[in-house]
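**Q** Put chains B and C on the given structure of chain A with help from the hints.
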Amino acid sequence: MEQNAETRRMLPDSEAQPKRKEDRPLQVAPPSKPKAKKSFARGLIYTSLILLAIICFIPFLMMIVNATRTNGEVMAGFTLIPGTALLDNYATLSEYINIWNGFKNSLIISVSVTVLSGYFSALTAYGFTFYNFKGKNAMFIFMLVMMMVPAQLGLIGFYEISKTLKILDTFIPLIVPAIATPFTVFFIRQYTQATLHISLIEAARIDGASELRIFHTIALPMMMPAIATMSIFTFIGSWNNYLMPLVLLFSPEKYTLPVLMGFLKGSQVAENLGALYLGIAISVVPIMIAFLFLSKYIVSSISAGAVKE
Amino acid sequence: MKKLDRYGYLFIAPFWVVFLTFSIYPVFLTLYYSFTNYTGSPGEEIVGFANYARLLTDTYFIEAFFNTIKIWGINFALQIGMALLLALLFSDLRLKLKGLNFFRSFFYLPNLITISSVALLFGILLDWQHGSLNMVLMKIGLISDPINWLAEPVTAQLSVSLILTWMWFGHSFIIVMAGVSGISTDYFEAAHIDGANRWQMFTRVTLPLLKPILLYIMITSLIGGLQLFDLPMLITDGIGSPDGSLNTMVLYLYNQAFKYNNYGYASAVAYGLFLITLVFSAMVFKGMFRNERAAKKEA
Amino acid sequence: MRKLVSLLTIGALSVGVLSACSDSSSEGSSDAKKDDVLKIWSFTDELKEPIKTYEERNGVKVELTIVPTADYPTKLKPALESGVGAPDVFTGEIAFLKQWVDAGYWENLSQEPYNADEAADDIVPYVFDLGKDKDGNVRALSWQTTPGGIYYKRSLAKEALGTDDPKEVGEMMSTMDGLFEVGEKLKEKGYKLFPDEGSIRWFAQGADPQAWVNEDNELVLTEGKQKYFEYAKELRERGLTALAPEWSPSWFEGMDKPIKVKEGGKETETQVFSYVLPTWGLHAVLKENAKETAGDWAVTSGPSPYFWGGTWVGVYKDSKNKEAAYDFVKLMTQDEEFLTDWAKETGDVLAFTPVTEKIKDDFSDEFLGGQNNYEFFLGEADSIKPGIVTKYDQQLDTLYGAAVTSYVEGKKSKEEAIEEFKKQAKNAYPDIVVD
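In order, the protein sequences belong to chains A, B and C.
1 is the number of the first residue of the first sequence in the working numbering; add one for each residue after it.
1 is the number of the first residue of the second sequence in the working numbering; add one for each residue after it.
1 is the number of the first residue of the third sequence in the working numbering; add one for each residue after it.
Read the hints as simulated data drawn from the structure, not as lab findings.
Do not rely on the hints blindly, as some may be mistaken.
Per label pair, the in silico range of CB-to-CB distance [unchecked claim]:
#1 C/G264 - B/K98: 45 to 51 Å
#2 B/L85 - A/T79: 30 to 36 Å
#3 B/D145 - A/I58: 20 to 26 Å
#4 A/A91 - C/L64: 14 to 20 Å
#5 A/I58 - B/I193: 40 to 46 Å
#6 C/G224 - B/V279: 35 to 41 Å
Residues from chain C that keep clear of chain A, each with C-beta distances beyond 10 Å, as calculated [to be verified]:
#7 D45
#8 K158
#9 I259
#10 D397
Glycine is no exception: its CB is placed at the ideal position from the N, C-alpha and C atoms.
So that you can see chain A by itself, here it is in the shape it has in the complex (with noise of 0.2 Å):
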C-alpha cells in the first residue's frame, strides 16, 4: 500500500513529459471534411460498442430462452422464441432441489457477514485511529502482513478448527470469522484518520460521553460512506463464496446458492437440459433484477474503493 502512495508521488514527474518537447505553434485539425469522418468513426464505435454488449447478454439470453424449452428442444438447436415447458421444467426442478432455500440461506449468510464486517471493521478501525496503546503499531502491521496471505492456505485448519468447535455444518463458520476482516479494517481506517477529527471525540469526551457511545454516536455514522463501500465488496463477495460454503456444509438444506449450483450439476435434474437452465436462471435472474436498481451504486464504489487505495 505504501508502495502505491510512493507511485502517486511520483507522477508529477511524467508531467514533465509533454512540456519538453519543443514548442510547436498550436496546430489546428485539418478543416477538410472533419465532420463527416468523425460521425463516420463515432458510428463505427457505436456499433461495435452495441456488438459488444449484445455478445455479453448472449450467454444470458440463451439461458433464459433456453429455460423455457424442453430437454428435446434445446438439443434439436437454438431458436430465440421461447418454449412452452416453463411449468414443467420448474416443476422437474423443484422435485429434486429447493432453490429459494439456497436463496434464503446465501440471503442470511451474506447479509449477517456483511453487517458483522462493517461493524466490527469500524470498531477495530476506530480503535487502532483514536487510542495510543501498547503494540498498536505492530499490531497493524501484523494485521496488514495477513491480510497477503489467500485464505486457501488456512483452508484445511480451518475446516479442523471448526470440527473441533462441533461448528460444521452450521452457518457459524461462514459467518463469525467476518469480525476480522482485516481489508475493510484498513479501508476504514484510512477513511477515517483523513475524515474524523480527533477534537471531535474530545470534544464529545468533555460532555461526559462514554467511549463506546461516542463511537457509536458520533464516528459510526460518519464512517457510513466507507463501510458502505466496502459493504458492497463484502456482500458480493460473500454472496459468490463456493469453496468455504462447499467444505464446510455438508445438509443440503443448508446449501448456499453457489454450493446448490453444483449440486445441481450432479443431481437428476441434470438430465433434463431444460430445467437446469431454469435452476441456473433462476439463480441469476433476481441478482441482474436488483443490479438494474443498484447498478449506479455499484459501479461507483468500484471506483472509489480503487482509486482511494
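**A** Chains B and C alone, transformed into the frame defined by chain A:
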C-alpha cells in the same frame, strides 16, 4: 488520556479474538499438518519434509501451476486490453461518446453472477453435440463441424480464459475509467498543443499516469487468478479434465484434501501455492517499479 | 434521529445474526430431542416408496436427504466423522461400500439386538458377504442383486435383425464379433448400437474380470481392462454410437426419442438401439425416462456376464435412534410383504430369496413387453464374483474412463493414456503399488 487509551484494547479485542481463532491458528495448524500424513482421522504421524519433497517433483502440481498461469495470463491480457481501449474511447475529448453509464453497467453485469452459475451455464452452452453455442455458430456458418470445446486441452483452457475475460473486463473498465477521469485534462491539452497524436498521448501521458491503477488491477487479478477454482471445477468433471488441462492449483488442493483425503499433502500444496503467490506478487511490484525508475531516468 | 435509526437497525440485525447462528447450531446437535424423526441419507430417490410404507406402519416421520453420487462420499464422510448433522440410516453404493464397512461408520449388525446373521440363509450369499467388514461382522445389508444385461428396443431389433426375441438377439450378441456385427446391421438402417463408447466396458473385460487392486496392494491392469481401449475406439471409428455420454441429457433423451448426431460435417437423426444396464437400470433409469417406448423394450445378455452397482443400507454407529433405524433396514431388506410389492411394482431383482422364489416363475413386466426379466436376471446372478470389489473403485473407474476417452478422441496413444492413468492412480492413492 492515558487511561482512556486502554479502551483501544477493548475496541480491537473482538477482531483479534476472531482473527486469531479463524485466521491465524488455522494457518499454523495447516503448517503442522503439512509435516504429517494426516488423512482426516486422528492418529497422524510426523513425516518431516516428505510432503514438500513430493510437491517439488509432483508433475500434477507443476502442471496445475502452468495451467493456472496460462488461463489467467490470456484472460488478463484480453481483459486489460479491452478495458484500456474502452476507457480511451470514452475519455476521448474529440469523440464525445455518450452512454458511458449504460455500457459500463452492461459490461459489468457478468461479474455479479455467481461463478458456479456461470460455470454450469457454460458447461452446457459449450456442449459438443447439443450445446446452443455450437448450434448458433453452425447456423450462421462460422463453423461447419461442432467444436468439442471442453474436450480439447487448448480450447478448454481458452474457453475458461474467455469466460473469465467476459466476467472481468467490465470490472477493469470501471476502474481504468475512474483512473482516466482522474487525470487532469491539462495534460491532454498540453500534449495536444505539443502536437502529440492519439497514440503518443496514450503511451506518453495516459499510460504512465495510470500505472498505480493498473498495478492495483494486476495485483488483485493475479491473486484472484492464482486461486482460480470454481470455474474449472464445475465446467467439466471436477478433476481438471480434459487431460488435466483445467487442473488449477486450488482445485488440486481441494481434491487432494477433500476427495482423496490426503490432508497432509494438501496442506503442503497450500503452502506451495502461498509461496508462489508471494513470489509472483513481488515480481509484479518489482517489474512495475523498475520500469518506473527506468522511465524516470530516461526523462 | 437518523443516526439512532441506523444504530438500531444495526443492533437489530446483529441480534438477528446471533440468534440465527444459535438456531442453526442447536439444529445440528440436538438430535436427541427429535426422537420421532428418522434421518436417512442416500444418493438416489429410490427410497421414497419404502419410506412412505415405513412412515405408515411405524408412525415415525422420516427425513430423506438425497446427495448426488459424485458428491455423496465427500459430503457424507465429514458428517459421519464429526457426528454433526449425521443421519440415522445411510446407504452405500458398491463403489464406496468396501471403504465404509471397514471405516466403522455403520453399526455392527451382527451383535445384539440386531442379530443380522440370522438372515444369512435368506439373502443371496454374495450380497450378504459384501456387507461384512474385515472381521466378518455384518455392517450393511442390501435388498437387491445387480447382474447386468442389455436392454434393447424390440421394434428396431425386428427391423434390423429380423427378430425381437430376447434369446435370439442374445445369441447374436454372445461374442464381441457378434456384437459388432449387430452394430453394423443397425447402422445400415440408420440406427446406433449404443449411446456411447463406455457402454462396452463391462463386456471388454471378458468373462473373468479382476479387482483393480490385489491383496498385495498392487494395481492390476488386466488384458481385459486394456481391451476396453480397442473396443471403444472401434465403436467410435465404425460409427456405432450416438456420441451421447452416459448420464448426459442426450443419453437420457435417446431412450425415448430420436436424437441428432453431428459427425463428419453433417447432422443426422438416429435412434439408439440398446442400453447396457443392470437390474436397477430398468426401474431407476429406463422406466423413468422412456414413456413413449414403454412396452417396446426387452432385456438379454451380452458377450459376457457382468454386474454393476447395488445399494447397501445400514445404521449409523452414533445414531440416537438405532432401534427405529434398524426397523427401516429390516423393512427394506427382509420384509416379505413389502418386498413382494416392491418387486412387482418396480421389477427390481431382490436378494431376499423367500420372495424371489415365490415370484420368479410367473413374473412379467409390461415395460419389457411382458418378458420375465426376473428369471433372466436370477440366472445371470449366479455368475457374479463379488471378490472384485475394492475401496478404490469409484475414483479409479472415473480416472480409467477419462483415459479411454482421451484415446478414443485421438488425443493420446493407448500407451500414453495408460501411463497417464497409472500416474493419476498413484497420485490419488499413494499407498497403491503401481509398476
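**Q** List in ascending order the numbers of the hints, as given earlier, that are violated by the structure.
**A** Those not satisfied are hints 6, 7 and 9.
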